[in-house]
Amino acid sequence: MDVAAATSLGKLIGAGIAMIALGGVGVGIGNIFASYVSGALRNPAAAGKVFGNVLLGFALVEAVALYALVIAMLLLFVF
Amino acid sequence: MEGHSPLEQFTIHSVVNIPIGGIHADITNSSIFMMIAVVLATLFLTLSMRGGALVPTRWQSMAELSYEFIAKMLKENVGDGGRRYFPFVFTLFMFILFCNLLGMVPFSFTVTSHIAVTFALAFVVFLGVTVIGFVRHGAHFLKLFVPSGVPIFLLPLMVVIEVLSYLTRPISLSVRLFANMMAGHTMLKVFGGFVVALGILGGWAPLAFIIALTGLEFGIAILQAYVFTILTCIYLNDAVNMHH
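Line by line, the protein sequences give chains A and B.
Using my numbering, the letters of the first sequence correspond one by one to residues 23 to 101.
Using my numbering, the letters of the second sequence correspond one by one to residues 27 to 270.
The hints are simulated quantities; they were obtained by calculation from the structure and are not laboratory data.
From a predicted model like this one, the values you see are computed outputs, not experimental measurements.
Beta carbons are placed, not taken as given, at the ideal position from N, Cα and C, and that holds for glycine.
Hints may be right or wrong, so weigh each one.
Using C-beta positions, here's what the derived DEER-type ranges look like [unchecked claim]:
no., chain 1, residue 1, chain 2, residue 2, range
1, A, G38, B, D52, 38 to 44 Å
2, B, A165, A, F99, 39 to 45 Å
3, A, A67, B, D52, 52 to 58 Å
4, B, T72, A, G61, 23 to 29 Å
5, A, G61, B, I44, 53 to 59 Å
6, B, S31, A, A26, 20 to 26 Å
7, B, L33, A, A26, 21 to 27 Å
8, B, A97, A, A26, 46 to 52 Å
9, B, L33, A, N75, 32 to 38 Å
Same shape as in the complex, but just chain A:
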């Protein structure tokens, strides 16, 4: 196999492997909302106050998924 073909193969496999990161992201997002729901069921009055933090936490975890996407795109289209 010549170098160009091997590089293309490597790119595709690498982009696929980068998607393993999404497993952790799923666990993270589920964790945030699970604790929010559990806390809101115990203390409904305080649920509104903490919702801002829930959204912030969600966005921060989502960002990790997008870093994985950026690495995959970098592998596919830049190298």
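For this one, chain A is given, so just place chain B on it according to the hints.
Positioned in the frame of chain A, the structure of chain B alone reads:
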């Protein structure tokens, strides 16, 4: 059917050629939308506050709410020392919000879907926060990288980790906004193509799905503006009040 790539919506083309020296200081579609965002934000705030009634009209209420939202965010995260940074943080929030929302208009251009734009914003924040930290605390600012309550033999490793995580702040801040916007719009384009290609198969379900996805994208546009701003406030807090 012509093969239009879903990434075509991100191309920048210049509208007015302005060569200054050797540089292309053109007016591009990106800069036109930035100007539209600024004009819209300015019009929203100035026209809503015209009249200045004690019992606000609906528009005035919205303008006051946006002011209060950012003022409260700064007060909660930075405290009283944050008030002097209110104009910057407010401008940052309104600019990113309007740019993101303008991108949701069909056939428009999303300014923040380019890493150049978001990195410029994030780097300004990072540079500003670092300069503020050094001006306020001098060399004592470096204590930020030495967390308290760490056993002495772990300290060198912890300092390296803290410095590295501080230096990656502009990257994470910019990539978060850029990737959210780019991935969101690309996904809308791709799924939109699928909906058109499906035609009558699936009935109304594909259309309902893409309507829900567009709603999600609106939510993400607003959320990402909020997250950028609140992270700026948190970094400002690190620099202004060094409670580590």
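Verification of the hints:
1. A/G38 to B/D52: 38 to 44 Å: Since A/G38 and B/D52 have Cβ atoms about 39 Å apart, the given range 38 to 44 Å holds.
2. B/A165 to A/F99: 39 to 45 Å: 44 Å, holds
3. A/A67 to B/D52: 52 to 58 Å: 55 Å, holds
4. B/T72 to A/G61: 23 to 29 Å: About 42 Å separates the Cβ atoms of B/T72 and A/G61, which means 23 to 29 Å is violated.
5. A/G61 to B/I44: 53 to 59 Å: 55 Å, holds
6. B/S31 to A/A26: 20 to 26 Å: 22 Å, holds
7. B/L33 to A/A26: 21 to 27 Å: 23 Å, holds
8. B/A97 to A/A26: 46 to 52 Å: Violated, since B/A97 and A/A26 (Cβ atoms, about 57 Å apart) do not stay within the stated range.
9. B/L33 to A/N75: 32 to 38 Å: Given range 32 to 38 Å: holds, Cβ gap about 35 Å.
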